[in-house]
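A.B. asks: Now for the letters of each chain:
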Amino acid sequence: EPEVTQTPSHQVTQMGQEVILRCVPISNHLYFYWYRQILGQKVEFLVSFYNNEISEKSEIFDDQFSVERPDGSNFTLKIRSTKLEDSAMYFCASTLSQGPPLHFGNGTRLTVT
Amino acid sequence: QKEVEQDPGPLSVPEGAIVSLNCTYSNSAFQYFMWYRQYSRKGPELLMYTYSSGNKEDGRFTAQVDKSSKYISLFIRDSQPSDSATYLCAMTHLRGGFKTIFGAGTRLFVKA
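Top line first, the protein sequences correspond to chains R and L.
Just so we're aligned: 22 in the working numbering is position 5 of the first sequence, and the numbers increase by one with no gaps anywhere.
Just so we're aligned: 1415 in the working numbering is position 54 of the second sequence, and the numbers increase by one with no gaps anywhere.
Just chain R, same shape as in the assembly:
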């Protein structure tokens, strides 16, 4: 069964550094998403992306965050200047159409020291 793949599985970075989290959505999917889950907390929506532009973003997704689909297969989340509170699991997801089911990757654990 097709999968959403995310790399790296674990990223450690220092506060203030830039990080790029990478995702390869399912190949025929058209809608892409980033969610995050702080340890012990709920999964939270960050952003949705369709047709090379952001469809919706949450209040968490401030100017420090950006997303890009640099080619036909990758979807990236960039955090420009990481803070300690950015430490979380970041999940990429994709859908064929605007509706369920959301297919999630296994996440990137980001640790900011």
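Simulated from the structure, these hints should not be mistaken for lab results.
Beta carbons: idealized from backbone N, C-alpha and C, even for Gly.
One thing to keep in mind: the hints can contain errors.
[To be verified] Here's a subset of chain L near chain R, in silico, CB distances under 10 Å, partners left out: (1) Y1412; (2) G1415; (3) A1451; (4) G1458; (5) T1461; (6) G1466.
[Unchecked claim] Keeping only pairs whose Cα atoms sit at most 35 Å apart, straight-line, the calculated DSBU-like set for lysine-lysine is: (7) L:K1363 with R:K74; (8) L:K1363 with R:K100; (9) L:K1403 with R:K59; (10) R:K95 with L:K1403.
Given the coordinates of chain R, assemble chain L onto it according to the supplied hints.
C.D. replies: Same frame as chain R, but now just chain L:
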């Protein structure tokens, strides 16, 4: 009031028991109601989803939605140790960018 409320548990049951997991919500605009299972350090895995009110059955799993009460349930029959995981309810409407709101998740332990 939180948009989606879910008791985090933990819930511990013996093998073979019927498990009932529930969520309440406040936003009457929600149209799709989903249940995900999440194992430790893995991404959420969709179990089933329903559109609007009603029941849906898939094997040992039954999802129920009562929009009038803003209450959704997931029942697991003949629970197995392999069902031990965190169960997340989630819901969405199709306005905007298909933003899905998750509950906190209920941690389930099924003892052999």
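A.B. asks: Using the nearest Cβ pair, does L:G1466 come within less than 10 Å of chain R?
C.D. replies: With a minimum Cβ separation of about 7 Å from chain R (threshold 10 Å), the hint on L:G1466 holds.
A.B. asks: Quick one, are L:K1363 and R:K74 close enough, alpha carbons at most 35 Å?
C.D. replies: At roughly 19 Å apart (the allowed maximum being 35 Å), R:K74 and L:K1363 satisfy the hint.
A.B. asks: Taken at face value, is the distance from the CA of R:K100 to the CA of L:K1363 at most 35 Å?
C.D. replies: Roughly 26 Å between the alpha carbons, so the hint for L:K1363 and R:K100 holds.
A.B. asks: How about L:Y1412: closest beta carbon in chain R under 10 Å, or not?
C.D. replies: 9 Å, holds
A.B. asks: A closest beta-carbon separation below 10 Å is what the hint needs, so does L:T1461 meet it against chain R?
C.D. replies: This hint holds: L:T1461 lies near chain R, its Cβ roughly 6 Å from the closest one there, short of 10 Å.
A.B. asks: Given L:G1458 as an interface hint, is its Cβ closer than 10 Å to any Cβ of chain R?
C.D. replies: Holds, about 3 Å.
A.B. asks: Compare the distance between the alpha carbons of R:K95 and L:K1403 with 35 Å, and conclude whether the hinted pair is satisfied.
C.D. replies: 21 Å, holds
A.B. asks: Can you verify the interface hint for L:G1415: is its Cβ closer than 10 Å to any Cβ in chain R?
C.D. replies: L:G1415 check fails; min Cβ-Cβ to chain R is 15 Å, beyond 10 Å.
A.B. asks: Against chain R, with CB atoms and a cut of 10 Å, does the hint on L:A1451 hold up?
C.D. replies: 8 Å, holds
A.B. asks: Is the Cα-Cα distance between L:K1403 and R:K59 35 Å or less?
C.D. replies: 14 Å, holds
Going down the numbered hints, you'll see the structure goes against just number 2.
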